Amino acid sequence: MGRTLSTITQYINETETMLSSFRRALRRSDQYIFDGIFASARKHITAISQTDSLLPFETVLLAMLLEQAKEISALRHEIEQKRNG
Amino acid sequence: MYRMRMNLLPQLKTGSLLVALTNQNALIPDLIAELALRGPVTVLDGGNCFPAYRIAQLIRRKSLQVDSISKHIFVRRAFTCYQMVNLLESTLLFGYPQLILGLLTTFQDDQVKPAEADRLLTLCLSHIERLCLVAPVAITLEPAILAEKEFLLKRVCEQADEIFTSHSESVPQEKQLSFFPST
Amino acid sequence: MDEITGWLFDVYNHSERGIVLWVIADSGERLRLRMELPITLYLAGDFKLLRAVWIFLTGKAELIRTKRRDLFLGERDVMQVTLAENNDLIHELQSQFPSLDYYDADIPISLRFIAHTGVYLLGRCRLMLNCERVQDIQPLDSPWELAPEPIPLRIMELSPDTDPAFRAPSRLKVKTERGAYFINMEPQRAFLISLQADLRRCDPDLILTNHGDGWLFPKLTEWCKETGLTLDINRDRERMIQTRKANSYFAYGQTIHRGAQSHLFGRWHIDRRNAMMFNEYGLEGVMEQSRVTGIGVQEMARKSPGAGITAMQMLTAMKTGVMIPLHKQQAEGSKTLAGLIRADKGGLIYQPTLGVHRNVAQIDFASMYPSIMVHHNVSPETLGKEDSKQGLIPQTLQPLLEKRLKLKELLTDLDERDYQVKVLKQRAAALKWLLVVCFGYLGYKNARFGKIESHEAVTAISRELMLQAKEVAEELGFEILHMYVDSLFVQKEGLKEKQDFEHLLLAITEQTKIPIMIEGVYRWVCFPPSSRDVRISVPNRYFGVLANGEVKYRGIEARRRDVPFWVKKIQLEVLNCLAKANSLDEVPDYLPEVADIVNQAKRDLRNGHVPLEELVVIQSLSRSVETYTSPSPAARAAMQLQATGNEVAPGQFMRFVFVRGEERVRVWELGVDARIVDIKRYCAMLDRAVDGVMGMFEKEEMGLGM
Numbered sequence: 001m002g003r004t005l006s007t008i009t010q011y012i013n014e015t016e017t018m019l020s021s022f023r024r025a026l027r028r029s030d031q032y033i034f035d036g037i038f039a040s041a042r043k044h045i046t047a048i049s050q051t052d053s054l055l056p057f058e059t060v061l062l063a064m065l066l067e068q069a070k071e072i073s074a075l076r077h078e079i080e081q082k083r084n085g
Numbered sequence: 001m002y003r004m005r006m007n008l009l010p011q012l013k014t015g016s017l018l019v020a021l022t023n024q025n026a027l028i029p030d031l032i033a034e035l036a037l038r039g040p041v042t043v044l045d046g047g048n049c050f051p052a053y054r055i056a057q058l059i060r061r062k063s064l065q066v067d068s069i070s071k072h073i074f075v076r077r078a079f080t081c082y083q084m085v086n087l088l089e090s091t092l093l094f095g096y097p098q099l100i101l102g103l104l105t106t107f108q109d110d111q112v113k114p115a116e117a118d119r120l121l122t123l124c125l126s127h128i129e130r131l132c133l134v135a136p137v138a139i140t141l142e143p144a145i146l147a148e149k150e151f152l153l154k155r156v157c158e159q160a161d162e163i164f165t166s167h168s169e170s171v172p173q174e175k176q177l178s179f180f181p182s183t
Numbered sequence: 001m002d003e004i005t006g007w008l009f010d011v012y013n014h015s016e017r018g019i020v021l022w023v024i025a026d027s028g029e030r031l032r033l034r035m036e037l038p039i040t041l042y043l044a045g046d047f048k049l050l051r052a053v054w055i056f057l058t059g060k061a062e063l064i065r066t067k068r069r070d071l072f073l074g075e076r077d078v079m080q081v082t083l084a085e086n087n088d089l090i091h092e093l094q095s096q097f098p099s100l101d102y103y104d105a106d107i108p109i110s111l112r113f114i115a116h117t118g119v120y121l122l123g124r125c126r127l128m129l130n131c132e133r134v135q136d137i138q139p140l141d142s143p144w145e146l147a148p149e150p151i152p153l154r155i156m157e158l159s160p161d162t163d164p165a166f167r168a169p170s171r172l173k174v175k176t177e178r179g180a181y182f183i184n185m186e187p188q189r190a191f192l193i194s195l196q197a198d199l200r201r202c203d204p205d206l207i208l209t210n211h212g213d214g215w216l217f218p219k220l221t222e223w224c225k226e227t228g229l230t231l232d233i234n235r236d237r238e239r240m241i242q243t244r245k246a247n248s249y250f251a252y253g254q255t256i257h258r259g260a261q262s263h264l265f266g267r268w269h270i271d272r273r274n275a276m277m278f279n280e281y282g283l284e285g286v287m288e289q290s291r292v293t294g295i296g297v298q299e300m301a302r303k304s305p306g307a308g309i310t311a312m313q314m315l316t317a318m319k320t321g322v323m324i325p326l327h328k329q330q331a332e333g334s335k336t337l338a339g340l341i342r343a344d345k346g347g348l349i350y351q352p353t354l355g356v357h358r359n360v361a362q363i364d365f366a367s368m369y370p371s372i373m374v375h376h377n378v379s380p381e382t383l384g385k386e387d388s389k390q391g392l393i394p395q396t397l398q399p400l401l402e403k404r405l406k407l408k409e410l411l412t413d414l415d416e417r418d419y420q421v422k423v424l425k426q427r428a429a430a431l432k433w434l435l436v437v438c439f440g441y442l443g444y445k446n447a448r449f450g451k452i453e454s455h456e457a458v459t460a461i462s463r464e465l466m467l468q469a470k471e472v473a474e475e476l477g478f479e480i481l482h483m484y485v486d487s488l489f490v491q492k493e494g495l496k497e498k499q500d501f502e503h504l505l506l507a508i509t510e511q512t513k514i515p516i517m518i519e520g521v522y523r524w525v526c527f528p529p530s531s532r533d534v535r536i537s538v539p540n541r542y543f544g545v546l547a548n549g550e551v552k553y554r555g556i557e558a559r560r561r562d563v564p565f566w567v568k569k570i571q572l573e574v575l576n577c578l579a580k581a582n583s584l585d586e587v588p589d590y591l592p593e594v595a596d597i598v599n600q601a602k603r604d605l606r607n608g609h610v611p612l613e614e615l616v617v618i619q620s621l622s623r624s625v626e627t628y629t630s631p632s633p634a635a636r637a638a639m640q641l642q643a644t645g646n647e648v649a650p651g652q653f654m655r656f657v658f659v660r661g662e663e664r665v666r667v668w669e670l671g672v673d674a675r676i677v678d679i680k681r682y683c684a685m686l687d688r689a690v691d692g693v694m695g696m697f698e699k700e701e702m703g704l705g706m
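Chains as they are written, first to last, in my numbering: chain A, 1 to 85; chain B, 1 to 183; chain C, 1 to 706.
No lab work stands behind these hints: they were computed from the structure. Accuracy of the hints is not assured; some may be wrong.
[Stated by the list, open to error] Think about it this way: if two alpha-carbon atoms lie no more than 30 Å apart in a straight line, the pair counts; the simulated DSS-like pairs of lysine-lysine are: (1) B/LYS113 / C/LYS445; (2) B/LYS154 / C/LYS225; (3) B/LYS149 / C/LYS303; (4) B/LYS71 / C/LYS445.
Every value quoted in this text rests on a predicted model; they were computed, and no experiment measured them.
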């Protein structure tokens, strides 16, 4: 109702569509990871929207980085735990 | 004059009304971005189609000053044909370009009878004529229109100095011919 | 002169002059009364045109030059036109002078009456009468009272013994307080005489029907004409039944079909099959809406609540001396590119945390958008102004909000079995619906005074308040699992009773100034993944079990209209089975039972034990049948109906069953052969629905087979 702009959800979908040629040329196993990167960005749609950026893709990349950092942090924690037995 | 390519920019000048028949053509955001590089531009959106992110992206491709250039773009939206009239009657006479997107989209509403649509369009066109005296004005229209409202399309094209369309639009042959203003 | 007291039942235009009132007097009499009610409108604009109007109207109306308030333009020079007779003068004026600004030109007569007298529809009043003429009328109560005295209505129910779209009915069921009985519809004369006797004897205030709008009343009118007999369907003998044609129109991105209508005078007619809101909150709900909005019961039963909100807004405008424009609308103010990006957002939506979670509380802001409009004084004319007095919209909504809150409070104090509960619940639901739609109808498209900036202000404030709520919750050690516009799902180790969350509710209410309440605490709740990628969750899609064992769900098949009843039934059975577990840890114990339920369901389907009605799919026809290049299932069903001479219109709902072979579907009205049902397709639908629910739980334990 009254919405003119694409929502961030639509924006991410459109960006993904634009990159479909890139994705297509990847190996199947890489495609899975590629989809995962976009899935991780989708976890932060609200934060991306709240940024009011004119170029949202920059903030989308930041969200992807955030999820990667979380994963690294979790892995580091796991290794520490295993090390300490 | 009836042109087949959508290159409006060189034709935009004060005193000349340009009409483009298009369905959200990709060249419109580019036009807006180009105009923003040169100075202020007003967009009156009657089709709820203002492609904000696309425009920002195009500005970025042309310049690093995305923030300051985007400040040149002023947008106002109309969601009913009565709002469209209000939009045009309240537009102040500055010399910078005025783009009217989807002028007739709100007129498609079947709650608005053809006679009423005609009356409102007369008001809109008189304001547009007024704007043309001081600024370059371009209008975009969706080529597909309900039969009972087709006369509106004809009226706008009759007032135009130049009409643009592009090959990619699926405008049926009969319609194309009917858009020739009788010059 | 006589003085009487009673309830105002109905108000409408007299065909020549003034209005007709129907009053249910305390004596039990139903009185038809007449009253003068001058119609006033205002014109503004070009001075030369106004002079021409003056000449045109001299002798036909009372004319005064005056000043009056336009909400946006302030005091304006206007011509006040007052008409004494009900004629087409207003329409004539508009066609002769279309370019003038008209105000107060299309106000429903009931609203004019209410503004003039202060008496509300269904309200108690005192009248001074001179025969049938009302000399004076005074209100005795207000529509905002929580427990108005119940009106002693006489109700007659009429229903045909079959669905007329399917098969011509042969008998009509008549139900009054004396009992229910059938009368044969043939021979026509005997039937009409019998029905007339019933109408005379019962003299109902309300005729409640099935298929009255589209079939029964048109049929009765036709038969009366053929036989020359009369039926006193209307109490008002001077009037015919008012029929309105069916039509399809496009609104809010979809085609909506509205069926034909039959309105009565002096009585109400409600057709259960053509009154979707009536089925939501019953007669009490519709009456409550009529009471607070000023729109008659017959109208409110059929219209969406949006019409009611528009009426309330008009009434507030009239009371505060603001003119109601006929067409003139405000467009948006100027925004920069960045400004538009900032403003063009909806409510706050947080991606849910995938998976199953235990002891989760769902907390909701009460009527968030209306509350914001009232509390932050958001109104088209108050935008950007600090310290302005209460705007038109908040003034309209405040009493509505307060009454709804008071009703809810009253309900929490009462025992479930109290006889008042049902009525109060229906009233509360009716008010809730008015509040739910007010955001759209007070917005910028359908609204008389709409400005998109007020819409944007409300959503901006709502986003801010949700973020504040999140911060308060996180400060108190809660984890936020999901947020959706006005609702949060929160969790904290060790908390599982409703009262454990009280302190959170208080803290949020204190911070945001909008009341927030607890919907319930889930023993467990699941946010399932989307079908496109199992790593992604979907906002507003969940299912779970509340502490009292009740299952709640959103966004899954059991909610969707286009899913057959059988699939919904089995999905719910599965959910209810899982709900038997006392805690999340015990759920795996029930997985084998779930497998049994699904396998049994498929066996039943294959053996023909599933009633065909349960396999019916309901889909609306999105456009005209001819415009399809490859027909959707709904289009195929529509074409089958068309082939038998039935009319189909865009927006109408098609009912069909999936069958094997080229036809693919078989429209329900024409009968379906149980042997050709597409078993495979229905089993696939069931699998999808069950997987959607079970996916998060262990799948290996289930021996699901074909």
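Now for the hints, and whether the structure bears them out:
1. B/LYS113 / C/LYS445: holds, 17 Å
2. B/LYS154 / C/LYS225: Roughly 49 Å separates the two Cα atoms, so the pair is violated.
3. B/LYS149 / C/LYS303: Distance of about 29 Å is within 30 Å: holds.
4. B/LYS71 / C/LYS445: holds, 27 Å
Checked against the numbered hints listed earlier, the structure breaks hint 2 alone; every other hint is satisfied.
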